[in-house]
Amino acid sequence: MKQDYTNPSSKKVKIEELKNDHSKQIVSSIDAFGGTLILLDILQGSNNAEYLLLNFLPDIPNSPINDIRQEETIVIITSENNQELPKVFALRDDFPVGLPHTNITKTQRPVSLCVFEDRFEELKHQWSGSYFLQSIKNWLELTARDELHQEDQPLEPFVIGSKGIIINPNHIHVKKLPGGYYKTTDSPIGTPMHRLSVFTKPIENGVVNQRVENLYNLNQLFAEKDIDLMALIKPKIFELVDFDVSEGINGDFWKGLVFLIVQIPILRDSRTEEPTMVGFKINATLGLLSSIFGRTIVNLHSIFEAKPDYSENRLSPIGVEILNPHPSLSKTVAQLYSGIDPKWSDSIFSLIGIGALGSQFFMNLARSGFGKWNLIDKDILLPHNFIRHASTNTENHITENKAEAISNQANILLNDQDFSKPIPKTIYEVEKTKLQKSDAIMDMSTSIGVERYLANELKDVRKFSSFLNPIGSDLVMLSEDIKGHYLLDILEMQYYKGLLANPDLAEHLDFEQEGKIRYARGCRDITSKIPQENISIFSGIAAKAFKSKLNQSNASIDLWRINEYNGVNYYNFKIDNWVEEKIEGWTIYFNERVIEKISNFRIEKLPNETGGILIGAVDNFYKKVYITGTILAPEDSIERPTLFIRGITGVREKLEVIRKVTNDNLKYLGEWHSHPKNCGLGMSGDDKVQFAELLNEAKLNGQPALMSIFGDDKKHKTYFDNYKI
Amino acid sequence: MGKNKIKYYPVGNGDTSLIKTSKANIITDCNIREVKDGIFDVKKDLLDELEKRDGKPYTDLFVLSHHDNDHCLNFGKHFHTGKVSSYDDNDEKIVIDELWVNEYILGDDSISDDSDAGIIRKEVGRRRNLYKNNDSSKDERGNRLVLVGYDGNNQFTNVPQHIPGDIVTQINGTDLEKFEFFIHAPFKSDVIECNAINDRNLSSIVYQARFFKSYGTDFACRVLHGGDADHYRWATIKEKSEKNDNKDALEWDIFQTPHHCSWTFFNDTPYKDDDKGIDNSEPMQTSIDILNYKLSGAKVVATSKAIVNNSDNPPHYPARTEYVDVVGESNFKNTQKFYEDFEKPIVFEIDDYGATLIKATTAAISMGVSKPSRAGRAG
Chain U
1 MKQDYTNPSS
11 KKVKIEELKN
21 DHSKQIVSSI
31 DAFGGTLILL
41 DILQGSNNAE
51 YLLLNFLPDI
61 PNSPINDIRQ
71 EETIVIITSE
81 NNQELPKVFA
91 LRDDFPVGLP
101 HTNITKTQRP
111 VSLCVFEDRF
121 EELKHQWSGS
131 YFLQSIKNWL
141 ELTARDELHQ
151 EDQPLEPFVI
161 GSKGIIINPN
171 HIHVKKLPGG
181 YYKTTDSPIG
191 TPMHRLSVFT
201 KPIENGVVNQ
211 RVENLYNLNQ
221 LFAEKDIDLM
231 ALIKPKIFEL
241 VDFDVSEGIN
251 GDFWKGLVFL
261 IVQIPILRDS
271 RTEEPTMVGF
281 KINATLGLLS
291 SIFGRTIVNL
301 HSIFEAKPDY
311 SENRLSPIGV
321 EILNPHPSLS
331 KTVAQLYSGI
341 DPKWSDSIFS
351 LIGIGALGSQ
361 FFMNLARSGF
371 GKWNLIDKDI
381 LLPHNFIRHA
391 STNTENHITE
401 NKAEAISNQA
411 NILLNDQDFS
421 KPIPKTIYEV
431 EKTKLQKSDA
441 IMDMSTSIGV
451 ERYLANELKD
461 VRKFSSFLNP
471 IGSDLVMLSE
481 DIKGHYLLDI
491 LEMQYYKGLL
501 ANPDLAEHLD
511 FEQEGKIRYA
521 RGCRDITSKI
531 PQENISIFSG
541 IAAKAFKSKL
551 NQSNASIDLW
561 RINEYNGVNY
571 YNFKIDNWVE
581 EKIEGWTIYF
591 NERVIEKISN
601 FRIEKLPNET
611 GGILIGAVDN
621 FYKKVYITGT
631 ILAPEDSIER
641 PTLFIRGITG
651 VREKLEVIRK
661 VTNDNLKYLG
671 EWHSHPKNCG
681 LGMSGDDKVQ
691 FAELLNEAKL
701 NGQPALMSIF
711 GDDKKHKTYF
721 DNYKI
Chain F
1 MGKNKIKYYP
11 VGNGDTSLIK
21 TSKANIITDC
31 NIREVKDGIF
41 DVKKDLLDEL
51 EKRDGKPYTD
61 LFVLSHHDND
71 HCLNFGKHFH
81 TGKVSSYDDN
91 DEKIVIDELW
101 VNEYILGDDS
111 ISDDSDAGII
121 RKEVGRRRNL
131 YKNNDSSKDE
141 RGNRLVLVGY
151 DGNNQFTNVP
161 QHIPGDIVTQ
171 INGTDLEKFE
181 FFIHAPFKSD
191 VIECNAINDR
201 NLSSIVYQAR
211 FFKSYGTDFA
221 CRVLHGGDAD
231 HYRWATIKEK
241 SEKNDNKDAL
251 EWDIFQTPHH
261 CSWTFFNDTP
271 YKDDDKGIDN
281 SEPMQTSIDI
291 LNYKLSGAKV
301 VATSKAIVNN
311 SDNPPHYPAR
321 TEYVDVVGES
331 NFKNTQKFYE
341 DFEKPIVFEI
351 DDYGATLIKA
361 TTAAISMGVS
371 KPSRAGRAG
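Going line by line, the protein sequences match chains U and F.
In terms of the numbering used here, the first sequence has 2 at position 2, counting the first letter as 1, and numbering is strictly consecutive.
In terms of the numbering used here, the second sequence has 318 at position 318, counting the first letter as 1, and numbering is strictly consecutive.
Hints listed in this document are in silico derivations from the structure and should not be mistaken for laboratory results.
For each residue, glycine too, the CB sits at the ideal point set by N, CA and C.
A few of these clues could be false.
Capping the alpha-carbon separation at 35 Å, the derived lysine-lysine pairs in DSBU-like fashion look like this [what the hints assert, rightly or not]:
id	chain 1	residue 1	chain 2	residue 2
1	U	Lys225	F	Lys213
2	U	Lys372	U	Lys175
3	F	Lys213	U	Lys201
4	U	Lys437	U	Lys544
5	F	Lys337	U	Lys24
6	U	Lys183	U	Lys255
7	U	Lys544	U	Lys432
8	F	Lys77	F	Lys243
9	F	Lys344	U	Lys14
10	F	Lys344	F	Lys247
11	U	Lys623	U	Lys459
12	U	Lys623	U	Lys549
13	U	Lys12	F	Lys337
14	U	Lys372	U	Lys176
15	U	Lys24	F	Lys344
16	U	Lys582	U	Lys677
17	F	Lys337	U	Lys14
18	U	Lys372	U	Lys432
19	U	Lys124	F	Lys344
20	U	Lys667	U	Lys605
21	U	Lys106	U	Lys14
Just a sample of chain F residues kept apart from chain U, beta carbon distances all over 12 Å, derived [what the hints assert, rightly or not]:
id	residue
22	Glu34
23	Leu106
24	Tyr215
Not the full set, but computed from the structure, chain F residues with beta-carbon under 7 Å of chain U [stated by the list, open to error]:
id	residue
25	Asp253
26	Asn309
27	Ala355
Build the full structure now, drawing on both the sequences and the hints.
Structure follows, in structure tokens:
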């Protein structure tokens with residue numbers, strides 16, 4: 001809506017004669033403002049516009065930043081059509097111009113106030129006469145304090161255009177787009193349109209409130225800011241001219257219009273300046289502009305020097321169109337619009353597993369220009385993948401490697417070929433040194449093997465592992481601490497322990513065969529029935545969590561669950577200390593809380609011996625045993641001062657629960673028992689007999705035999721035999 | 001304590017003002033009239049503004065510029081006197097933590113015991129005796145007393161004293177933080193003269209209240225309060241301040257017209273009496289000089305009844321004209337006129353941009369900060 005002011009007629013209108021609804025609403029609200037608002041007059045304008053002249057008495061401090069007075073005469077112009085906001089003008093002759101939130105008009109005065117940022121279509125549901133008047137009063141009061149433009153609000157553009165130009169700083173030509181828009185390009189078709197860039201000195205914040213229609217206006221506009229625009233443009237024009245003459249380019253070059261991009265640092269306050277840009281389409285050919293600046297081209301190859309002519313007569317006929325500049329999408333722009341902490345801008349992250357969760361997780365971060373990425377996956381995209389994959393390009397990406405497809409997609413989006421690098425291999429084929437150069441590694445492969453590989457093979461780099469549960473209702477994220485004290489394998493064990501401790505999560509790892517689809521003939525060609533919205537929700541959560549965890553140093557285990565109300569429940573798992581012991585090339589990790597539990601149980605039972613079952617997991621490949629829990633002496637156990645025979649009541653049921661809840665990841669490991677006070681931790685004759693039994697049992701189970709003896713001062717000793725498996 | 005502000009109540013020809021800072025509430029004078037149509041309920045507003053301690057409303061400081069009736073009307077009704085322990089909850093009186101007075105409150109023989117000035121005199125005597133006897137409770141809130149100016153009759157032995165030229169940064173032993181007073185008067189000569197001719201106005205306490213900006217040491221707003229001091233006192237204030245390099249203590253953003261906008265600030269009275277050949281209509285240059293210490297956007301507040309163009313004094317129309325000549329019509333505010341226009345006291349909110357006169361009424365009921373009127377069948 002143009003905000004140009006036209007004078008009303010001298011015909012006065014009585015309140016009862018008002019016709020426009022907005023006028024009636026405004027006038028009827030004036031009383032509510034007490035003495036702070038006085039209706040001076042109502043005049044008739046053209047096209048049934050009504051001019052309400054009011055004296056506002058805003059609350060202005062003694063020392064305002066902007067010269068807003070304690071009494072300001074304001075005219076509100078309402079239209080017959082009540083579908084647009086009334087216009088508001090400050091009538092004082094010396095009302096300051098160039099204030100933030102004023103409109104561009106053909107003439108500087110009266111100053112048109114931009115009272116609302118939103119359009120009437122948005123405001124009409126809350127619009128009332130008093131709301132409007134109060135907003136004007138607020139405008140005056142906040143402008144007086146220079147607080148209308150909040151500190152965190154973007155600076156206002158120097159001038160505002162109606163259409164725009166999309167700018168890539170590396171392009172030197174311009175092409176037309178639909179809808180009156182333009183775009184810089186490197187490959188002009190037909191008559192080239194030239195793009196010039198100039199830089200000005202910093203200027204104060206505030207829009208220019210005068211319309212710019214021709215080159216003379218534009219030159220004057222910059223002159224008011226003490227900027228000699230012609231002097232800035234001239235060498236750029238000459239550069240083009242010299243280039244043309246030296247290259248002997250054909251006549252089309254001279255016929256091309258010139259687009260001027262002016263980069264203007266705007267001062268937010270006296271100390272800080274922020275870069276802004278404005279674009280101008282100058283409706284003059286390069287040839288015409290060159291002659292204005294004092295070089296006329298003869299026969300395409302000769303230059304005739306003349307005196308520059310910046311007179312009004314010469315510049316006024318050259319129309320100028322203001323174009324709002326839009327930087328082309330880049331990593332920096334993506335970061336800016338996403339509010340990304342730039343400190344991670346050059347950090348290298350490696351993502352393993354570019355499936356449904358991984359690809360969407362990655363694209364969430366790519367869209368915000370977060371980091372630089374190695375994408376690792378050997379799989380290809382098959383038709384069913386596109387249901388939940390971040391790529392929807394079924395035409396071009398089908399059978400393409402997942403990492404290559406999604407890397408290409410992100411790099412094109414950000415105009416940055418270095419943003420991500422695809423590595424179409426399995427993790428085991430990737431050079432460890434490449435991975436170790438990462439600032440962090442995220443595993444989304446849903447593979448325990450990958451997670452264990454990362455935990456055991458890659459040191460000095462922080463690792464994360466995130467995966468969905470089998471039915472896709474829960475997302476888990478295991479995050480190592482920054483010092484690598486709690487590695488992924490320990491966190492995995494702690495996660496199972498946490499599942500057992502929380503009845504809410506007992507079905508977390510439930511696996512429904514009917515929930516699986518075999519998409520090909522191979523044994524492993526199985527995928528889950530999980531709706532895309534779950535992946536979308538969880539990939540968003542994972543991206544957010546990943547960013548926040550990078551800023552935290554501690555290890556964590558987090559679980560998110562979509563609940564029946566389509567909300568998300570959050571669970572955080574406590575991480576215990578683990579006691580590490582090396583025996584015969586194996587490493588035993590004994591959960592400290594389990595040790596504590598057993599020791600306390602022993603004390604309770606003294607002077608009798610007692611005992612129970614050790615629960616946990618074995619990694620035969622990396623030769624690790626994790627003791628995560630215990631089943632204390634069943635009720636049918638025999639506990640005497642010098643003997644303990646572990647019973648069996650309830651043991652089978654408990655082991656079944658452990659197996660089911662942890663999806664077979666935790667199981668029976670071995671036995672423990674206690675020795676009486678003042679006895680050592682050495683094996684007695686009976687103990688040796690039992691350990692031999694355990695060893696036989698272990699052979700059957702394909703795992704080492706394990707027996708722990710607990711004694712005084714909460715000390716214990718673990719006996720281990722791997723029978724050379 | 002909320003926003004920094006200063007509030008001038010519409011109390012006709014008289015003074016009642018409230019300064020609120022981040023650390024203290026300060027009342028200067030009281031002329032609290034019986035509430036009826038057209039009379040603002042000052043007490044109710046004060047109770048809304050003041051904090052409570054142990055259920056008792058209190059002001060950190062009460063400055064009695066002098067004890068003329070229009071500066072202490074209904075003091076006894078609205079302010080607690082005696083020990084705090086004797087407070088009667090049913091009275092809802094305001095406890096005064098620290099009380100500032102001039103010497104003449106004890107030197108004035110014309111005060112009757114049952115008048116408000118008499119009640120104050122008794123309270124001053126009570127507090128004074130705590131200091132005199134070095135009572136351990138003398139420094140407790142509710143007992144504290146400060147003499148402003150000269151102790152002409154040695155009646156304030158051991159009582160803390162602020163004298164002209166002092167900068168006061170503490171009350172009740174607590175830092176005021178980002179706020180202070182500069183004490184201008186009464187001078188010793190004022191106290192002696194006031195005792196000699198029994199004119200209470202002469203011993204008026206005059207101060208400059210100084211609000212600082214939230215960061216740094218620049219002033220945000222300076223306010224001159226002059227009680228009923230006449231042009232002779234102001235001439236001395238000007239002379240001493242300039243001589244002692246205290247010009248910044250003369251500068252003002254808000255100036256409360258002395259003596260309710262009377263001509264006494266500008267010259268002797270009567271203003272003019274042709275029959276007697278008296279013509280004091282020319283303002284003293286010293287008074288004009290004081291006004292010219294105004295700062296950008298400065299406001300004059302005439303604490304008086306409505307000022308009309310007649311021969312009344314106070315308020316005095318030619319005095320108003322002089323003020324308007326200095327600050328302009330829009331910066332001259334009269335408590336009564338403002339009350340008639342906006343149904344509220346004159347309130348300046350003070351922040352880093354200076355003083356902002358608050359004219360707008362906010363929707364206090366819907367904001368939950370004010371009770372709606374009673375409803376129901378009983379009424």
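Hint-by-hint comparison with the structure:
| no. | hint | verdict |
| --- | --- | --- |
| 1 | Lys225/U to Lys213/F | 32 Å, holds |
| 2 | Lys372/U to Lys175/U | 31 Å, holds |
| 3 | Lys213/F to Lys201/U | 33 Å, holds |
| 4 | Lys437/U to Lys544/U | 23 Å, holds |
| 5 | Lys337/F to Lys24/U | 30 Å, holds |
| 6 | Lys183/U to Lys255/U | 19 Å, holds |
| 7 | Lys544/U to Lys432/U | 27 Å, holds |
| 8 | Lys77/F to Lys243/F | 43 Å, violated |
| 9 | Lys344/F to Lys14/U | 31 Å, holds |
| 10 | Lys344/F to Lys247/F | 34 Å, holds |
| 11 | Lys623/U to Lys459/U | 17 Å, holds |
| 12 | Lys623/U to Lys549/U | 30 Å, holds |
| 13 | Lys12/U to Lys337/F | 31 Å, holds |
| 14 | Lys372/U to Lys176/U | 33 Å, holds |
| 15 | Lys24/U to Lys344/F | 28 Å, holds |
| 16 | Lys582/U to Lys677/U | 26 Å, holds |
| 17 | Lys337/F to Lys14/U | 29 Å, holds |
| 18 | Lys372/U to Lys432/U | 18 Å, holds |
| 19 | Lys124/U to Lys344/F | 33 Å, holds |
| 20 | Lys667/U to Lys605/U | 25 Å, holds |
| 21 | Lys106/U to Lys14/U | 30 Å, holds |
| 22 | Glu34 | 25 Å, holds |
| 23 | Leu106 | 39 Å, holds |
| 24 | Tyr215 | 14 Å, holds |
| 25 | Asp253 | 5 Å, holds |
| 26 | Asn309 | 21 Å, violated |
| 27 | Ala355 | 5 Å, holds |
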